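**Student:** Read in order, the letters of the sequence shown correspond to residues 1 to 90 in UniProt numbering.
Because the hints were derived from the structure by calculation, they are not lab data.
Treat the hints loosely; a few may be bogus.
List time: in silico DMTMM-like cross-link candidates among lysine to aspartate or glutamate, alpha-carbon distance up to 20 Å [unchecked claim]:
id, residue 1, residue 2
1, Lys52, Glu63
2, Lys52, Glu15
3, Lys78, Glu63
4, Lys78, Glu15
5, Lys13, Glu76
6, Lys88, Glu75
7, Lys88, Glu63
8, Lys88, Glu76
9, Lys30, Glu15
10, Lys52, Asp84
11, Lys30, Asp18
12, Lys13, Glu75
13, Lys52, Glu27
14, Lys37, Glu27
15, Lys78, Asp18
16, Lys13, Glu27
17, Lys69, Asp18
18, Lys37, Asp84
19, Lys30, Glu63
20, Lys37, Glu15
21, Lys69, Glu15
22, Lys52, Glu75
23, Lys69, Glu27
24, Lys52, Asp18
Label pairs and their computed distance ranges (CB to CB) [to be verified]:
id, residue 1, residue 2, range
25, Ser53, Asp18, 16 to 26 Å
26, Gly39, Asn60, 16 to 26 Å
27, Val41, Leu61, 19 to 29 Å
28, Val41, Asp84, 33 to 43 Å
29, Asp84, Ile42, 13 to 23 Å
30, Gly85, Asp40, 36 to 46 Å
31, Glu75, Ser47, 32 to 42 Å
32, Lys78, Tyr23, 15 to 25 Å
33, Leu34, Lys83, 11 to 21 Å
34, Ser25, Gly68, 11 to 21 Å
35, Gly46, Lys83, 37 to 47 Å
What you are looking at is a predicted structure, and each value in this text was computed from that prediction instead of being measured.
Glycine included, C-beta positions come from ideal geometry on N, C-alpha and C.
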Amino acid sequence: MIDRSVRTESMNKLEVQDLHKRYGSHEVIKGVSLTAKAGDVISIIGSSGSGKSTFLRCINLLEQPHAGKILLNNEELKLVPNKDGGLKAA
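From just these sequences and the hints, can you work out the full model?
**Tutor:** Written as structure tokens, this is what we have:
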């Protein structure tokens with residue numbers, strides 16, 4: 001059996017701070033924050049069209065949020081322009 005109560009400083013921590021995402025004038029994510037540490041189990045529930053998939057796509061940098069921060073082990077994840085005119089994760 002795995003003892004999930006033991007945590008060390010080297011374990012991963014994901015933080016989402018005040019995330020916002022909109023499509024045109026329709027804001028689908030309005031200031032969502034989350035902290036998850038290694039071993040945590042998180043459920044995201046909501047009605048159809050409430051922004052669950054969009055939230056996960058923003059965390060994975062498949063979509064760019066309009067505001068807020070995504071941090072992994074206290075380092076900000078974001079999309080930045082690459083030399084070919086596209087975007088890359090940084």
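**Student:** All the hints need checking, so say for each whether the structure fits it.
**Tutor:** Now the hints, each set against the structure:
At roughly 13 Å between alpha-carbon atoms, Lys52 and Glu63 fall within 20 Å of each other, so this suggested pair holds. Straight-line distance between C-alpha atoms of Lys52 and Glu15 comes to about 16 Å, which keeps the hinted pair within the 20 Å bound. Between the alpha carbons of Lys78 and Glu63 the distance comes to roughly 10 Å, so the proposed pair stays at or under 20 Å and holds. A C-alpha spacing of about 13 Å is found between Lys78 and Glu15, which places the hinted pair at or below 20 Å, so the restraint holds.
As the CA atoms of Lys13 and Glu76 are separated by approximately 12 Å, the hinted pair is consistent with the 20 Å bound. Annotation: proposed proximity of Lys88 to Glu75 holds, straight-line Cα distance about 16 Å (limit 20 Å). With a C-alpha separation of about 11 Å, the suggested pairing of Lys88 with Glu63 holds against the 20 Å cut-off. A hinted pair counts as satisfied when its Cα atoms are at most 20 Å apart, and Lys88 with Glu76 qualifies at roughly 14 Å.
For the hint pairing Lys30 with Glu15, the CA-to-CA distance comes to about 16 Å; that is within 20 Å, so the pair holds. Distance check on the hinted pair: Lys52 and Asp84 sit about 31 Å apart at the alpha-carbon level, beyond 20 Å; violated. As the CA atoms of Lys30 and Asp18 are separated by approximately 8 Å, the hinted pair is consistent with the 20 Å bound. Taking the CA atoms of Lys13 and Glu75, the gap is near 10 Å; set against the 20 Å cutoff, the hint holds.
Restraint check: the Cα-Cα separation between Lys52 and Glu27 comes to about 13 Å, which is no more than 20 Å; the hinted pair holds. This hinted pair does not check out: Lys37 and Glu27 have alpha carbons roughly 28 Å apart, beyond 20 Å. Distance restraint check for Lys78 and Asp18: the Cα-Cα separation of roughly 14 Å lies within the 20 Å cut-off, and the hinted pair is therefore satisfied. Restraint check for Lys13 and Glu27: not satisfied, since their Cα atoms lie roughly 27 Å apart, outside the 20 Å limit.
Restraint check: the Cα-Cα separation between Lys69 and Asp18 comes to about 7 Å, which is no more than 20 Å; the hinted pair holds. Straight-line distance between C-alpha atoms of Lys37 and Asp84 comes to about 35 Å, which puts the hinted pair past the 20 Å bound. The suggested pairing of Lys30 with Glu63 holds, with an alpha-carbon distance near 15 Å, which does not exceed 20 Å. Among the hinted pairs, Lys37 with Glu15 is consistent with the structure: their alpha-carbon atoms are about 9 Å apart, no more than 20 Å.
Proposed proximity of Lys69 and Glu15 is supported: the alpha carbons are some 8 Å apart, at most 20 Å. Among the hinted pairs, Lys52 with Glu75 is inconsistent with the structure: their alpha-carbon atoms are about 24 Å apart, more than 20 Å. The suggested pairing of Lys69 with Glu27 holds, with an alpha-carbon distance near 17 Å, which does not exceed 20 Å. Annotation: proposed proximity of Lys52 to Asp18 holds, straight-line Cα distance about 15 Å (limit 20 Å).
At roughly 20 Å, the beta-carbon separation of Ser53 and Asp18 lies within the given 16 to 26 Å, and the hint holds. Distance hint check: the CB atoms of Gly39 and Asn60 are about 20 Å apart, consistent with the given range 16 to 26 Å. Checking the proposed 19 to 29 Å range against Val41 and Leu61 shows it holds: the Cβ atoms sit about 22 Å from each other. A C-beta distance of roughly 39 Å is found between Val41 and Asp84, which places it inside the suggested range of 33 to 43 Å.
For the hinted restraint 13 to 23 Å between Asp84 and Ile42, the CB-CB distance of approximately 35 Å leaves it violated. Distance hint check: the CB atoms of Gly85 and Asp40 are about 38 Å apart, consistent with the given range 36 to 46 Å. Separation of Glu75 from Ser47 is about 33 Å and conforms to the stated range, judged on CB atoms against 32 to 42 Å. As the Cβ distance of Lys78 to Tyr23 is approximately 20 Å, the hint placing it in 15 to 25 Å holds.
The hint said 11 to 21 Å for the Cβ distance between Leu34 and Lys83, and at roughly 33 Å that hint is violated. Distance hint for Ser25 and Gly68: a CB-CB separation of about 18 Å, consistent with the stated range 11 to 21 Å. Take Gly46 and Lys83: their Cβ atoms lie about 39 Å apart, and the range 37 to 47 Å holds.
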